[in-house]
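*Asks:* One-letter residues, chain by chain:
Protein chains: 2
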Amino acid sequence: MAMRDFEDQSNNLSEASPAHVRGLIRRGDITGQTGGMAFGYMQGNLAILPSDLALDFARYCQRNPKPCPLVGISETGDPMLRTLGEDIDIRSDISSYNVYRDGELADTVTDITELWRDDLVAFVLGCSFSFEEALQAGGVPLRHLEVGYVVPMYRSNIQTVPAGPFHGPTVVSMRPMPMTEAIRAVEITARFPMMHGKPVHIGDPAGIGIGDLNDPVWGDVPDIREGEVPVFWACGVTPQAAVMAAKPAFCITHKPGSMLITDLPSGSVT
Amino acid sequence: MAMRDFEDQSNNLSEASPAHVRGLIRRGDITGQTGGMAFGYMQGNLAILPSDLALDFARYCQRNPKPCPLVGISETGDPMLRTLGEDIDIRSDISSYNVYRDGELADTVTDITELWRDDLVAFVLGCSFSFEEALQAGGVPLRHLEVGYVVPMYRSNIQTVPAGPFHGPTVVSMRPMPMTEAIRAVEITARFPMMHGKPVHIGDPAGIGIGDLNDPVWGDVPDIREGEVPVFWACGVTPQAAVMAAKPAFCITHKPGSMLITDLPSGSVT
Numbered sequence: 001m002a003m004r005d006f007e008d009q010s011n012n013l014s015e016a017s018p019a020h021v022r023g024l025i026r027r028g029d030i031t032g033q034t035g036g037m038a039f040g041y042m043q044g045n046l047a048i049l050p051s052d053l054a055l056d057f058a059r060y061c062q063r064n065p066k067p068c069p070l071v072g073i074s075e076t077g078d079p080m081l082r083t084l085g086e087d088i089d090i091r092s093d094i095s096s097y098n099v100y101r102d103g104e105l106a107d108t109v110t111d112i113t114e115l116w117r118d119d120l121v122a123f124v125l126g127c128s129f130s131f132e133e134a135l136q137a138g139g140v141p142l143r144h145l146e147v148g149y150v151v152p153m154y155r156s157n158i159q160t161v162p163a164g165p166f167h168g169p170t171v172v173s174m175r176p177m178p179m180t181e182a183i184r185a186v187e188i189t190a191r192f193p194m195m196h197g198k199p200v201h202i203g204d205p206a207g208i209g210i211g212d213l214n215d216p217v218w219g220d221v222p223d224i225r226e227g228e229v230p231v232f233w234a235c236g237v238t239p240q241a242a243v244m245a246a247k248p249a250f251c252i253t254h255k256p257g258s259m260l261i262t263d264l265p266s267g268s269v270t
Numbered sequence: 001m002a003m004r005d006f007e008d009q010s011n012n013l014s015e016a017s018p019a020h021v022r023g024l025i026r027r028g029d030i031t032g033q034t035g036g037m038a039f040g041y042m043q044g045n046l047a048i049l050p051s052d053l054a055l056d057f058a059r060y061c062q063r064n065p066k067p068c069p070l071v072g073i074s075e076t077g078d079p080m081l082r083t084l085g086e087d088i089d090i091r092s093d094i095s096s097y098n099v100y101r102d103g104e105l106a107d108t109v110t111d112i113t114e115l116w117r118d119d120l121v122a123f124v125l126g127c128s129f130s131f132e133e134a135l136q137a138g139g140v141p142l143r144h145l146e147v148g149y150v151v152p153m154y155r156s157n158i159q160t161v162p163a164g165p166f167h168g169p170t171v172v173s174m175r176p177m178p179m180t181e182a183i184r185a186v187e188i189t190a191r192f193p194m195m196h197g198k199p200v201h202i203g204d205p206a207g208i209g210i211g212d213l214n215d216p217v218w219g220d221v222p223d224i225r226e227g228e229v230p231v232f233w234a235c236g237v238t239p240q241a242a243v244m245a246a247k248p249a250f251c252i253t254h255k256p257g258s259m260l261i262t263d264l265p266s267g268s269v270t
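So the sequence lines, in the order shown, correspond to chains A and B. If you read the first sequence in my numbering, its first letter stands for residue 1, the second for the next number, and so on. If you read the second sequence in my numbering, its first letter stands for residue 1, the second for the next number, and so on.
These aren't lab readings, by the way, just hints derived from the structure by calculation. Careful, some of the hints might be misleading.
Each pair may be met inside one copy or between any two copies, as identical chains are not told apart.
Stated by the list, open to error - Below, simulated SDA-like cross-link-like pairs (lysine to any residue); rule was C-alpha separation at most 20 Å, straight line:
#, residue 1, residue 2
1, K66, G267
2, K247, L24
3, K66, N12
4, K66, I224
5, K66, A190
6, K66, D119
7, K247, M80
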């Protein structure tokens, strides 16, 4: 989809209810990114794993709450996410899924009904869309949204606490801003522990093991201007990278940017 | 132990390190309550369950973070709680344990080394000791600590979100104070989501299904004075009650008041 088309779709759906947007996704009318849709409602990252890895993944999330804020766990084999909203079927209500076999991307699909199994457990983790809403509402402009690029992401030298086969570095996202806004951003995002919370670092990238800000591992090269400092937050790509490192025989995630839109208000934390 | 002896022991150990206090507990020199010991460090509630119930209990805690703030999960069969401190052996480092068989209290012991099994998983949950420190430091006096009674606890009509066999009402603790202090208490405890967080209710007990404040289910009859309102927080007895309701074949908890003293600073949230 061209950026212009996406923006039109996103703007039209910013005031829509989560149920309405999920309905469009379930019917296949939306297959792309969900940023900006159903404004004010929590969107989440998805990881679906076989039950023999589920307790280890729950441990991994508990031990690494900043990159892996766990907002929902399905019953084993039950595709309905009852604690996150009304009639959420995780097999059809995300616009695009990545299917991994033995740790390798095997397919990208818009529905996983045929792939669902009795031993699967779905995990939903908080994402940064919600705190970005709060930052903008709090008067902190976000360059990547204003200019229209994907937020850059880097591997930091902050290691996560491992659990079973899950391990790896904390992946961080970076947003540039003047220091006065960075301080305000700490205050605002500290209120959202379920959406990565406060920054992990402000300033010198080398302080967390990042060499060149213009060489992100994921996302786009950032637009950093005179007098701005880079502000780093733990990122939801961290658990995805940990799952890839674990090379499970079978695993399904959302396609980056295609989040689950829940019925929970963005501001609901604990 | 007489109250006077406990107070002496507690006062002497308020400045001690967590490792020092755990050493005394491991040697059997402390068998009673841990309140006031190793001031400034997070103390936790304990639930040890067989691994076939562990994922459901992790789900229960995730779904009910206010009464069940999960601060640590052991590896299956590993008694060392590596994420909560240095050399914490959950078989010996709590002063008193309750052992349940088929949901009934079968024994109270000071060491569970003989009972440990390869399929056990230890869960540690935040407790209110830490936020009580913060309340006192913030100028909110706590009557039960000043007068010397056990905080009263009640079954509310706020149902927890069930997971597998775990279910039941939210148990709440109550502290009376003037409304000005209650508002300050909301501000302070909201900063501690891993220790039950902000209150669930202020004022009329009937609003959360509690009949008579002078008839608590656990703890002592409160001393409520002229011009004070009752302030209710979610309580760590909630998961214990849910475990009892599930009637697992085998389960071990701490004896109430005999908490695990971790190496984590009380103020460390996420």
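*Asks:* 20 Å Cα cut-off: does K66 pair with I224 within a copy, between copies, both or neither?
*Replies:* neither (25 Å within a copy, 40 Å between copies)
*Asks:* Which holds for K66 with D119 at a C-alpha limit of 20 Å: within a copy, between copies, both or neither?
*Replies:* neither (28 Å within a copy, 29 Å between copies)
*Asks:* Evaluate K66 and N12 at a C-alpha cut-off of 20 Å and name the case that applies: within, between, both or neither.
*Replies:* neither (32 Å within a copy, 36 Å between copies)
*Asks:* When no copy is specified for K247 and L24, does a C-alpha distance of 20 Å or less occur within a copy, between copies, both, or neither?
*Replies:* The answer is neither: 33 Å in one copy and 44 Å across copies each exceed 20 Å.
*Asks:* Can you give me the call for K66 and G267, within, between, both or neither, at a CA distance of at most 20 Å?
*Replies:* both (16 Å within a copy, 16 Å between copies)
*Asks:* I want to check one pair: K247 and M80. Are their C-alpha atoms no more than 20 Å apart within a copy, between two copies, both, or neither?
*Replies:* Answer is neither: 26 Å inside a copy and 27 Å across each miss the 20 Å cutoff.
*Asks:* Between K66 and A190, at a C-alpha cutoff of 20 Å, which is it: within one copy, between copies, both, or neither?
*Replies:* So K66 and A190 pass the 20 Å test inside a copy (11 Å) and across (18 Å) alike.
Hint check: violations occur at hints 2, 3, 4, 6, 7; the rest are consistent with the structure.
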